[in-house]
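Starting from the known structure of chain A, fit chain B with the ligand onto it as the hints suggest.
Chains as they are written, first to last, in our numbering: chain A, 1 to 618; chain B, 1 to 155.
Worth flagging that the hints you see were computed from the coordinates, not collected in a lab. By construction, the Cβ of each residue, glycine as well, lies at the ideal position given by its N, Cα and C atoms. Hints should not be assumed to be uniformly reliable.
Taking CB as the label site, the calculated pair distances span [to be verified]:
| # | chain 1 | residue 1 | chain 2 | residue 2 | range |
| --- | --- | --- | --- | --- | --- |
| 1 | B | 42 | A | 287 | 17 to 23 Å |
| 2 | A | 232 | B | 140 | 31 to 37 Å |
| 3 | B | 51 | A | 154 | 14 to 20 Å |
| 4 | B | 140 | A | 287 | 24 to 30 Å |
| 5 | B | 134 | A | 210 | 31 to 37 Å |
Simulated coverage check for chain A against chain B, where a stretch passes if three residues somewhere in it have a Cβ under 8 Å from a Cβ of chain B [said to hold, decoys possible]:
| # | segment |
| --- | --- |
| 6 | 319–326 |
| 7 | 345–359 |
Short derived list, chain B residues pointing at chain A, Cβ under 8 Å [claimed, not checked]:
| # | residue |
| --- | --- |
| 8 | 14 |
| 9 | 17 |
| 10 | 23 |
| 11 | 24 |
| 12 | 28 |
| 13 | 31 |
| 14 | 33 |
| 15 | 43 |
| 16 | 45 |
| 17 | 125 |
| 18 | 147 |
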Amino acid sequence: MSWTRKLLRVNLTAGTVTEEALNMNWANDYLGQRGLATRYLVEEMDPAADALSPENKLIMATGPLTGTSASTGGRYSVICKSPLTNAIACSNSGGFFGAELKFAGWDMVIFEGKAASPMYLSIENDKATLLPANDLWGKSVWEADKIMRTKHQDPQARIACVGRSAEEGCLYAAVVNDLHRAAGRSGVGTVMASKNLKAVIVRGTLGLGGIHDPKAFAETTKAGKAVLAENAVTGQGLPAYGTQVLMNVINEVGALPTRNMREVQFEGAANVSAEAMAEPRKSDGKPNLTTNGACYSCTIACGRISTVDRTHFSVKDKPEYWINSGGLEYEAAWALGPDTGVDDIDALTYVNFLCNEDGLDPISFGSTVAAAMELFETGAISTAQTDGVELKFGSAEALCWAAEVTAKGEGFGKDLGLGSKRLCEKYGQPQFSMTVKGQEFPAYDPRGIQGIGLAYATSNRGACHLRGYTIASEILGIPEKTDPLESAGKAGLVKAFQDATAAVDSAGLCVFTTFAWGMDDIAPQVDAACEGNWSTEKMMEVGERIWNLEREFNAKAGITGADDTLPDRLLSLPANVGPAAGKVNELDKMLPEYYSARGWNADGSVSAETHQKFGLPG
Amino acid sequence: MQKSLHIDPGKCTGCLQCESACSLENEGLFNPSKSRVKVFTFHDEGRFVPYTCTQCDEAWCMQACPVDAIVINAETGSKDVLEDVCVGCKVCTIACPFGTINYNTDSGKVTKCDLCGGDPACVDACPTDAITYVDANATGLDKMRAWASKTDNAS
Ligand code: SF4
Numbered sequence: 001m002s003w004t005r006k007l008l009r010v011n012l013t014a015g016t017v018t019e020e021a022l023n024m025n026w027a028n029d030y031l032g033q034r035g036l037a038t039r040y041l042v043e044e045m046d047p048a049a050d051a052l053s054p055e056n057k058l059i060m061a062t063g064p065l066t067g068t069s070a071s072t073g074g075r076y077s078v079i080c081k082s083p084l085t086n087a088i089a090c091s092n093s094g095g096f097f098g099a100e101l102k103f104a105g106w107d108m109v110i111f112e113g114k115a116a117s118p119m120y121l122s123i124e125n126d127k128a129t130l131l132p133a134n135d136l137w138g139k140s141v142w143e144a145d146k147i148m149r150t151k152h153q154d155p156q157a158r159i160a161c162v163g164r165s166a167e168e169g170c171l172y173a174a175v176v177n178d179l180h181r182a183a184g185r186s187g188v189g190t191v192m193a194s195k196n197l198k199a200v201i202v203r204g205t206l207g208l209g210g211i212h213d214p215k216a217f218a219e220t221t222k223a224g225k226a227v228l229a230e231n232a233v234t235g236q237g238l239p240a241y242g243t244q245v246l247m248n249v250i251n252e253v254g255a256l257p258t259r260n261m262r263e264v265q266f267e268g269a270a271n272v273s274a275e276a277m278a279e280p281r282k283s284d285g286k287p288n289l290t291t292n293g294a295c296y297s298c299t300i301a302c303g304r305i306s307t308v309d310r311t312h313f314s315v316k317d318k319p320e321y322w323i324n325s326g327g328l329e330y331e332a333a334w335a336l337g338p339d340t341g342v343d344d345i346d347a348l349t350y351v352n353f354l355c356n357e358d359g360l361d362p363i364s365f366g367s368t369v370a371a372a373m374e375l376f377e378t379g380a381i382s383t384a385q386t387d388g389v390e391l392k393f394g395s396a397e398a399l400c401w402a403a404e405v406t407a408k409g410e411g412f413g414k415d416l417g418l419g420s421k422r423l424c425e426k427y428g429q430p431q432f433s434m435t436v437k438g439q440e441f442p443a444y445d446p447r448g449i450q451g452i453g454l455a456y457a458t459s460n461r462g463a464c465h466l467r468g469y470t471i472a473s474e475i476l477g478i479p480e481k482t483d484p485l486e487s488a489g490k491a492g493l494v495k496a497f498q499d500a501t502a503a504v505d506s507a508g509l510c511v512f513t514t515f516a517w518g519m520d521d522i523a524p525q526v527d528a529a530c531e532g533n534w535s536t537e538k539m540m541e542v543g544e545r546i547w548n549l550e551r552e553f554n555a556k557a558g559i560t561g562a563d564d565t566l567p568d569r570l571l572s573l574p575a576n577v578g579p580a581a582g583k584v585n586e587l588d589k590m591l592p593e594y595y596s597a598r599g600w601n602a603d604g605s606v607s608a609e610t611h612q613k614f615g616l617p618g
Numbered sequence: 001m002q003k004s005l006h007i008d009p010g011k012c013t014g015c016l017q018c019e020s021a022c023s024l025e026n027e028g029l030f031n032p033s034k035s036r037v038k039v040f041t042f043h044d045e046g047r048f049v050p051y052t053c054t055q056c057d058e059a060w061c062m063q064a065c066p067v068d069a070i071v072i073n074a075e076t077g078s079k080d081v082l083e084d085v086c087v088g089c090k091v092c093t094i095a096c097p098f099g100t101i102n103y104n105t106d107s108g109k110v111t112k113c114d115l116c117g118g119d120p121a122c123v124d125a126c127p128t129d130a131i132t133y134v135d136a137n138a139t140g141l142d143k144m145r146a147w148a149s150k151t152d153n154a155s
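In isolation and in its complexed conformation, chain B is listed as follows:
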């Protein structure tokens, strides 16, 4: 079964445990600035919104890469950057409509979410289940259930 990251901003408290865990997993440091999942705070609106790569099937980044440094992980379906192939041209960062692939000035390569090879650290770290890792065929299940509960067919 292929799985997907499922984000529910309504549950997010903006604690950044996910960013912290992501950077530790991928960079070996607590360093939210290098996290592949980002949480945006909309202060005036009182909203916290986690955001990361959705692993498009026809991934723009993958199509755009001139050296084929972005490949599909057969097991998880994630689009992974091959660090030793990436030349740091950043074309993928232009191609991605969502901004979820970014250049890392330290390594001179791009980085993006690779689902931690199937065990995403952000999911494990999130205290509120705002980020979960669920069956990719049913990411809408929660929302369907929530709306279903509002249909009043009892009377």
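So here's chain A without its partners, still in its complex pose:
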């Protein structure tokens, strides 16, 4: 079965912790993790509720393959309503926390209500206890982690925690687990802090059994690992270079959004690329990258473990940062680098450390700084707001300062914590915000890569690359190459990626496997682990069901087809240079075709037939 079939319900208002059986009918329709937790959320809360009110719920959910030996089977997600987008939030994280929850005997934890004072949850197998967190409140994730470890005397425990940014109401605060893995997007950490919940510490020694067909599981997971090992991207590119392998590639195709997405190529890209991370530096002869690291059960190991140059201005007087920790991944490197015009790899690595230390989503943070830099350039804000700091494109000093104040929610950091949409509105220049549904863009320019524009516009959690990574097809040729500059045929591509990703997430696997795995590789692993017939067709159907369920949640939250759009800059300001020069995103051509491929009405609402076809609730 590979679900533990148990969930933990934590009512923070009442201070109660209760065990519940997992709804297995729903598991059969929604698999686990992202899908299943969304089903619970839809059942239990009003999508129109204020995301930061006690009415919102926060679910930490694993998938059936989380905790198994299937490659990358270690993921969990945090699901709630987002305060940044007012849409569904579902942020996925690796590390070891999710698997540990399973070993403790839990498929998911549902938090509801709000505690009267700061609390954290301790889980030791079937014993779960709410404990006061007054001494943890006001501390960074890294400090709180140390305190809890000392208190619980358990070096093996796994911890998920929010930082000071979340406590201070930054709208894109993450939940950070294992010090540098994060459920990063859409402000799930902000919701957690709004409930006065600082952290969850878990230790599981029960283990996970009950694999439906152990022999088939051993065979299919082994075959899956061989496919990953033999693939050029998952077997060589990602372990050696991490996702940063993309920096130079995307720059070359003219789709590297630069200086708040005004331009599409960055002259300093090479300085902040994977290749630069491997280059020995002058001061100590060591490269930025120490080694690669894996999440639980992952045989790809794309994670970067890095150091900042000790002589760099950002850390030279701060020995606490002379350590190894999570290094730059592509999206973070882009948002902190090209998008702000900064090409100083040590500044980027330092800021990335701060994002992990205090739980900032580096994509939203970097993009918001980029917007603030444009506001500064145009005079909409000045040194009067920025405490005298010259917030200019390309300034590494300004970037580091911005991260320090946003991490702690001090001064202008409060404004930066609003996210780019609210910040630009506050200073009267909404057109500078590069967001969809209030969420900042990731690292691919939709003028040079047409399909990803449609994926951004229709993503259920606002602009996001991980809801339908058409880059795989449009740039890398996986599973087959499509022309990035061509909008025709992208509607079907986007839909297929979105549905498949929803299923992969819900299994508890990492979407990076899909550089090598098709659903024909994944379904047999799920099928061997779980009872029921998990064919490729069923996986795709479940993925599509989840997509529609999320869409309906958003509709009830007041989001409509009119929100399926892109900032004007991408629809009317043509790319200035590179292969995409002269192009804008042709969203208007793709969107109607997409709605029809989805079986939705022309206004983007889920049609009655589609609702019924997938047996959606309500």
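Leaving out everything else, chain B with the ligand in the frame of chain A:
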């Protein structure tokens, strides 16, 4: 030919496939907490180090056991715990200088690596060859080769 587990921490990514495989082989569950091979993460140093029993010839655990529950496997050279003889006194866990023999609260016995009878599951599971099973007479061969390649006798 007797073989030995050979560990190269430099290759380890900390994925815990080895712990997962060990616990499945020996406990029938995915349960890293019960694994006989352990991977330690030194976060600040950026290092992952797998560690397990080295099967000492003059095994401290074996010498210390008052009921002779630890015996030599003639085929593999591993020191195996006879579950039905072990009384769970834990003296062996005190005697072992490396901490690689541990008490299992569920069974009331001690557990340690037994090389899976000659086909170690961790080796099979490790994606990076950080753990290999090699000729016991030549566990240093890789390191020798690596250093040999650095001796510059060409000029
Ligand atoms: S399986 Fe290999 S790479 Fe993974 S943790 Fe174990 S020794 Fe390290």
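Cross-check of the supplied hints:
1. 42(B) to 287(A): 17 to 23 Å: holds, 19 Å
2. 232(A) to 140(B): 31 to 37 Å: About 33 Å separates the Cβ atoms of residue 232(A) and residue 140(B), which means 31 to 37 Å holds.
3. 51(B) to 154(A): 14 to 20 Å: Since the Cβ atoms of residue 51(B) and residue 154(A) sit about 19 Å apart, the hinted range of 14 to 20 Å holds.
4. 140(B) to 287(A): 24 to 30 Å: For residue 287(A) against residue 140(B), whose Cβ atoms are near 28 Å apart, the range 24 to 30 Å holds.
5. 134(B) to 210(A): 31 to 37 Å: holds, 35 Å
6. 319–326: With 3 residues close enough to chain B, the hint holds.
7. 345–359: With 0 residues in contact (Cβ-Cβ under 8 Å with chain B), the coverage given for the segment 345–359 of chain A is violated.
8. 14: holds, 5 Å
9. 17: It holds, given that the least Cβ distance between residue 17(B) and chain A is near 6 Å, below 8 Å.
10. 23: Hint holds; residue 23(B) Cβ to chain A Cβ min 6 Å, cut 8 Å.
11. 24: holds, 7 Å
12. 28: Status holds, d = 7 Å.
13. 31: This interface hint holds because 3 Å falls under the 8 Å limit.
14. 33: holds, 4 Å
15. 43: holds, 6 Å
16. 45: Status holds, d = 6 Å.
17. 125: With Cβ-Cβ at 7 Å, under 8 Å, it holds.
18. 147: violated, 20 Å
The structure does not agree with the numbered hints 7, 18 stated previously, though it agrees with the rest.
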